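Colleague: These are the residues of each chain, in order.
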Amino acid sequence: MSHEYVPEIAIDRDGKKHEVQGWQGDFYGGKLGFWLFMLTEVMMFGAMFLTLTYYYSLHHQDFIDASSHLNRLLGGTNTVVLLFSALTMGLGLLKMRTGDIKGAKLMIWATILLAIVFLGIKAVEWREEYTHGIFLGLDALQSGNEHSRPFGQILFYGMYFTMTGLHGFHIIIGIGLMLWLLKRINAGQVSTEHHILHFNIALYWDLVHLIWVFVFPYYYMIGAGNVH
Amino acid sequence: MSKSYLEAGETHCAIGHPKTVFWQWMLTVDHKRIGLMYAAVILTFFAVGVLVALTIRIELFAPGAQILDGDTYNQAFTLHGVIMIFLFIIPGVPAVFGNIVMPLMIGAKDVSFPRLNWFTFWLYIFGALVALTSLWTGGGFADTGWTFYAPYSLNTNTNVITTLVAAFILGMASILTGLNFLVTIHRLRAPGMDFFKMPLFVWGIYATAWIQLLATPVVGITLILALLEKVFGIGIFDPSKGGDPVLFEHLFWIYSHPAVYLMILPAFGIMSEIIPVFSRREVFGYRTIALSSASIAGIGYLVWGHHLFTSGMSDLAKTIFSFLTFFVAIPTGIKFYDWVATMYKGKIILSTPMLWALGTMITFVIGGLTGVTIAMIGADIHLQDTYYTVAHFHYAMLGGVVFLLFAGLHYWFPLMFGKMYNETHAKIAFYLNFVGFNILWFPMFIAGYQGMPRRYFDYLPEFQIYHQISFFGALIFIAGLIYMFTVLIKGIKNGTPSGSNPWHATTLEWHLPSSPPPLENHTKVPYVDFRPYEYHHGEPVVKFDYKTMQRID
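Chains E and W supply the protein sequences, listed in that same order.
Quick note on my numbering: the first sequence kicks off at 1 and runs consecutively.
Quick note on my numbering: the second sequence kicks off at 1001 and runs consecutively.
Derived by calculation from the structure, the hints in this document are not laboratory data.
In this text, all values refer to a predicted model and were calculated from it rather than measured experimentally.
You can take every hint at face value.
Computed cross-link-like contacts, DSS-like style, restricted to lysine-lysine with a CA-CA straight-line distance of at most 30 Å: (1) E/LYS122 x E/LYS105; (2) E/LYS17 x W/LYS1524; (3) W/LYS1547 x E/LYS17.
Hey, can you work out the whole structure from these sequences and the hints?
Modeller: The following block contains the structure:
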C-alpha cells in the first residue's frame, strides 16, 4: 500500500473526465475526520459543563466559597503556560508548511516541555489541596462526618478533580502524540507535502488548551471576588 | 481477473502480508470482510440474548419462582438488555450493512479510514470481552437493568464497574464507526453523485452517523462520572452528598433516546431499498424520505425527557417534551406513506426480503403508534414501567430494526456470498417468525394496560394467561429463528449461484463485475448522472458495461 497513489479517472457520457477521490492521501478527509473527533470531545466536556452549571444554580454560595480556596496564582500561571504552548505548536505547524523541518521539531519539543511544566504545576497544586484535606476520598468530601464540607462544596471539588483530571489526562495523551509525531518526522513519514498528522495533532492541542480556557474561569475565577 | 473478496489472499491487511487465511481475516481492512465478521459476532450475541430472554419467559410461565431466584432474575434481564442493546442492536445495521454495502453504494473502494475500521472492529470485540468477564468476576453480573439508574447502580454490590467500562468502550467503537462513515460519505462518493443521488440507505447511515458522533460522547462521560462516583465518591449522582440521581437519568437519556433512532434509521434505509426494488418502481418522494431521516435524527435529540415523566420534572418541561415527541411521528409517517405510495400501481414481487419489509410495516406501525400513546403525559403516568411499554419497545425494535436487519440479510445475501438461499423455506421461516412474534408480544399490551409492571420476578394470578400465551409465541418465534438461520447457512454452503444482480435492482452495489464482489469493488468508478431508483416498465433503466463502468443504456 505504500507505493505512490494515482487517482482514478471516471468518464461521463459526454466523454468528460472526472478525477475520483480515493481514501489514499485524502488530506481534507483526514482533516474532516479529526474535526469530527474534536466535536465528540466538545460534547463530552460539554456534558460536564452542563452538570457544573446545574449544580452552580443550586448551590451558588457554596461554589463561590469553594472556588475562593483554589490557588489562582498557580492556576493562572498554568493558563499562561498552556497559551504559550498553543503558540509554539502553531509556529511548529507553520514551519512544517514552509519546509523548515528542523524548526518544526524544535517547536514541538518546546510544546512538550511546556506541557510537562503544566503537569508539574498541576501536581504541586493538587498536592497542596491534599495537604489541606481536600481530595477525592478524603473525609472532607464524604458526607456525614465532622470534616464534611457542605453539599455544594463536595460537588464543586468532585467536579473540579474530575474535570482537571480528565484535562490532565488529555495533556498526557498529547505529549504521547507529539513524541510519536517526532518519531514519524525523523522517519521521514511526515513532511511538508504530507503533514496531516502534524496538522491534526496541532488541532488536538488547540482543543486541549481551549477546554482549559473554559475550565479556568469556571473553577478559579468565580470565587475571585470572595473576601474571607 | 475478478476473484471474489472471500478467496484466500484477496485482502489488504492492517499489518504486513500474512500467509495464513486465519490471519488474513483477523488483520483485514477490507470493508466487506469486516462487515461479515461483525455480522458473525453480532448474530452470535443475538442468539445468546434470545436464550437469556427464553430463560426469563420460562421463569414467568407461572407466578412464583420456577427456575431462577429473584436476584438472578434481575441479573438475567440486565444481561438480556446489555447484550441486546450494546452488543447487538447499536452496532447492528450500521456495522454490518453500513460496512458491507454503503461503500459499494457510493462507488468507493473502501471506507475513508480502512485501518481505523479494523481497529474499531477489534475495539468492539474488546468491549464485548470486558462485558462478558463481568459475568464471572466481582460480585456477579450487574443487576441494575441496562439503564444503570443511580442511586441503585452506585450502591449495588454486583459488578457494575466492569459493565460500565465495557459500555464506554463499545461507545467509543460506535463513535469511530460513525466518524468513519461520515467522512466516507462526504469524501468518497463517485463523481457526479451529489447528496440527492445517493441511495436512501446511505442517507439512513448518514443520519445515524451524526447521532453516533454527537450523542454517544454524552453517555460516555455519564458512564465515566458514574464510574468515578463508585470508585472515588465524587458525589455527582449521590443524594447523600447533594448529588442528583435524576441528573443521571437526563444525561443517560440524552444519548439513549437518540440511540433508538440510531437503531431504526439505517433499518428504515433498508426498507427504502427493498420497497422500490420489489415494486419495480421509482421510490415515491425520494427527497422527503431522505430529509425525514435527517429530521428524525434532529428532533430525536430533543425528546429524551419523555423517559422521565414519572421521575420528577416540572409540568412545563413535561408538556414540551410530550409535544416534541409527537413531532417525531410526522417524519416517520411521511416515510410510511412514501413507501405505500411507491407500491401503488407497482409490479409487486413477494420475495423473502419484500415479505420481511411488509411484515415490518405492520409490526412497526403498531410499535410506533403505541409509542405515541405513551408520549402523552396522562397515559404515560398509567403505563410507564408496565408491560405495555415493554411491548411497545419490542414491537418497534424487534419488529422494526431486527425484522429489517433480517430483510437486509436476505436482500444482500446474494451480494455477500454470490449464492441464493432456498426461497420457499425462507418464506416459511418468515411466516413462522411473524406469527410467533405477534403471539409473543401482543398479549403484553393487554397485560401492561391492566397493570403488569416490567422487570418483576413475580406477578398476580390474573396475569398468568398473558404470560403463558407469550411463552407459546416465544417458542414459535424461536423455532422460526432457527429455521431462518438454517436456511441461510445452507444457502452459504450449497446455494445456487445468484449472478451479480438477481433482484433487478438499480443501485451501484448490484453493478459489480463479479459475484461475490472482488477485493476493490467496481472495476472502475462510474460517473453517476442518474437517480438511484430509475425503472421503466418494471425494468432498470441504467445499464453498465462492467469492464469500463460506462453507461450503455
